[in-house]
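Given the sequences, and given the hints that come with them, work out the whole structure.
What follows is the residue order along each chain.
Number of protein chains: 2
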Amino acid sequence: MAKKIVIIGGVAAGPKSACRVKRLLPDAEVTIIDQDSLISYGGCGIPYYVSGDVSDEKELRNTSFHMTRDESFFQNAKGVNVRSNTRALAIDRKAKTVEVEDVRSGAKDTVPYDQLVLATGSRPNILPIPGVDLDGVFTISDLHKAIAIKERVARGEVGKTVVIGGGAIGIEMAEAFTDLWGLETTILEFMPQLLPRLVDRPFAKMLETHLVEKGVAVYTSESATAIEGDNGKVVRVVTPKRTLEADLVVMAVGVRARSELAREAGLAVSQMGNIMVNDRLQTSDPNIYAAGDCIEVKNLITGKGGIAPLGSLANREGRVVGDNLAGIPTTYKGWVGSFVMKAFERSIAATGISLETALAEGFDAAAVTTAQSDRAHFFPTQTVIPLRLVFDKSSRRVLGAQGFGPANDAVLARIDAAAGIIAKGGTIDDISQLEMAYAPPFATALDALNAAGNVADNLASGRLRYISIEDFLAWMDNFAGHPDWVALDIRHPKETAPFVEKFGDRWLSVPYIDIRDRYRELPKDKTMLIICDAGTRSYEIQVFLDSVGFANSLVLGGGFNIMRRLGVSWWPEA
Amino acid sequence: MAKKIVIIGGVAAGPKSACRVKRLLPDAEVTIIDQDSLISYGGCGIPYYVSGDVSDEKELRNTSFHMTRDESFFQNAKGVNVRSNTRALAIDRKAKTVEVEDVRSGAKDTVPYDQLVLATGSRPNILPIPGVDLDGVFTISDLHKAIAIKERVARGEVGKTVVIGGGAIGIEMAEAFTDLWGLETTILEFMPQLLPRLVDRPFAKMLETHLVEKGVAVYTSESATAIEGDNGKVVRVVTPKRTLEADLVVMAVGVRARSELAREAGLAVSQMGNIMVNDRLQTSDPNIYAAGDCIEVKNLITGKGGIAPLGSLANREGRVVGDNLAGIPTTYKGWVGSFVMKAFERSIAATGISLETALAEGFDAAAVTTAQSDRAHFFPTQTVIPLRLVFDKSSRRVLGAQGFGPANDAVLARIDAAAGIIAKGGTIDDISQLEMAYAPPFATALDALNAAGNVADNLASGRLRYISIEDFLAWMDNFAGHPDWVALDIRHPKETAPFVEKFGDRWLSVPYIDIRDRYRELPKDKTMLIICDAGTRSYEIQVFLDSVGFANSLVLGGGFNIMRRLGVSWWPEA
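Protein chains in written order, with the numbering used here: chain A, 1 to 574; chain B, 1001 to 1574.
Treat the hints with care, as some may be off.
Just a few of them, taken from the derived set where beta-carbon distance is under 7 angstroms, the chain B residues facing chain A [unchecked claim]:
#1 Ser1051
#2 Glu1057
#3 Leu1060
#4 Phe1339
#5 Asp1416
#6 Ile1421
#7 Glu1435
#8 Tyr1438
#9 Pro1440
#10 Met1476
#11 Leu1545
#12 Ser1547
#13 Ala1551
These are calculated hints, taken from the structure and not from any lab test.
Being a predicted model, the structure only gives us computed values, none of them experimental.
For every residue, glycine included, the Cβ atom is placed at its ideal position computed from N, Cα and C.
See the structure below:
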């Protein structure tokens, strides 16, 4: 008799494991069960469907060769049975059956399995505030919601939107509303920054500044306390600080695993509700596997488990399940946390953990921030790409990398390269010597990522003394906090003049090229914060000043290339 | 007394080691000696200067903050002495001095050193053919040559150019001549492909096809046998097959180390003339270091030494020398061979070694070729990026990666990510599970590089049977070579019809979606070459056919996405 494999869940991990095992065991009887009528769609494409970049929702369900991944496609092309509109109600592990219900007719039956895969995904969190059920309040949980949102917008029913949640999905939806549809859009994020936990504050702030430039209102450290309506339809969102009119509200405040079936079947589930699996993605019942948003995944840097709700991981995990169903002992050890997103004309990406997370996790962590060019400085399309490396000072292990740049693949290239090193437990030196491909249209001779490794080496080796971006910003807002600090601005006098004029004796200007002649003018009784555009010249000057007995300086990493992307209020008028 | 460090060579490795050691040992007396008047320029930018992308040669000598890296810059900003126009004649290792000559006045003196660095670079090879000294025949050896070429072109003196050598520099120069100046340009390459040794034939052929589309004439397997002139000025280039008119000839046929100084000083030099160094980049005299094009560098995959003439490596090596001069025991273990170039609207990149090299080196090597999208298939700017992974079948170690795509950073991102894995001796599985950052504007959920890893896994595990691109092309040119072969084209009938019409009973058409119903029509007495667009559907069909007793198929990796980029003569008319 053919082996019966049943897979609950028809998006990403489910279809991937189904198709993989069917290729490995062509004689197996493979069935996907999903309660939805639409299956196997690219959920990550929803913002691009709403924006209009993708014109038809079918494109999200198509293969690269333009066939729609529906029930008959799976049957004919893959030899996989799909029972859509079919809800799994319960698992009988002893009998090895799944009780299911047709969501249209209500008819029930039982489906036997030899091996079962839970790819039940996640559901969006709903804030415990009034008004979440009003018409016009959406989560981005499935394609039906996306279609409903786009129809409303396309019918001209929406003028103002509020996006609750400043994570990737919230920001992508805000871009879709603003950029293509010209809607007045506000993002509310209850944490003090966008993309909390994914990147550190300065990188989130660079992104926020760009969003604001593009017309999106962003309020951080501000939560929605109520959503109010009129005749059952949303009209405004209330926060402790303001009331925002809204015809449409998107709530994108994270997701949690769908694991009721697993829990009710007595499978091990974490306190947060994630299905526990071993590194072959077996649950506590060896005949039941799980993959995708619903499982607990170990972070390879912190060693801690949690939800890892990314389509890219769901696909990798699905393949691992397919292998194991067929007896190939492939393992999945965990995730690094690689991430990229586009927002208008910028990209932001990260891998590993942020400095904030690293410190919270007890690492002896530090970070360097650089602002080198993505291409040869003489190549016409070159631009600065701020990068951050997070590392452990004692072991020199690299813990994370972050990047911000134009909406092309420049930042992606550096983050993908770093991801491999980080996953392997690599050090600062591995980053310094990583052999990035070079030609002037693509990189600098010493790539921006290598340069970040070199700066990290200088910091970790005690050759570079740093002031953090946060400390510098705090001082700029309140000189009295550190009355003994003074800026030493080594940029060209034309660049420094407005700062000297505005900040008076807090701002010394001695050009880089003149320091060796003029260092005796500098104060010995102050801490000098050395400022240039990228941080590299500042380091040279610090080393020189140390050698002539002025060991009282700190370098601002990334320099004013970072500052001018932060939208600071103290920037002098041009 | 201050330690005296003397560096011979003022481009890339020389200035890098000088500035690094000066930062580490601010009290050291650091002197760069160079016979040229122009130093510290970005030599890799020469084609972009000639093309006009870079308007002034000074930009190639500028820092990112727009200062020219001349003698006074090094003195004032870096505290490094530069003696330009000064030729090093000999090294007296006992006395620890360098004898130098002012190239303008002829005056000689000796420069004492405590430690010496040889960064003497390379010189271009000159073919042993008549006419290489004619006016108008150039090598791309320094900035003066670049200026002279650009002046000639800008004055309108050049209508036709011949580039001898189909390596990266030759191709970049051909683009510069054709694209901006509209010159009639021919590339001659004596090997059977462009970019010999850097990429395998199919990838070189995709590039060649694009160059031809852009109006460059390319003749491979064809060498220049003579350059002929008129009144001392070049007028034509002769090959065994044709005579090419030319007002300007660029000879870009590789470089060799400049190591006379080292050899005459009794330092160990390889048979090929490369200066031998240990992994701290010390020569056979511990007081003398060497870096850049002039040294022997170990290839980390083959373990063999050779010249590695890349500006990116010169900079890395320069930093290692700077560290060691200052007593920091940084090492440089060797190179992987990462490489990228732009040619018109395409990029081509590679890391590690090619299949051809791997086989020649005795590896149990194989390669897979894929043709996946760079972005989500529904994202408007997506395009196919052919990738190749070269690996060892028994150890599963990845030996190399190649990519071809648009002139953005999409290919770069995959090659840089692979470079780190390859340098660390990683396997196919490391590539499969490499956590590439994902969002639809940047990648597919399972990245193209991961997909290549998966295909390699299938091949290495014996689950996939492949026909090589070369074997397929040979068969298309001569069906009689394998009378028992037949194409099984599973693309849409609209796509396959012209092929069926042209190739008759050599070309079977059964759509992918119909195979499960119609497989009984297929022949059991032929070898079926399964063809789709990317190779993935073909693999599915092979697995299915095997399971129903038709184990007589081979998959064409990368499918017609590769074929249509190869400019084949047998493509049916549209």
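query: Looking at the structure, which of the earlier hints fail to hold?
result: Per hint list: 1, 2, 10, 11 and 13 violated.
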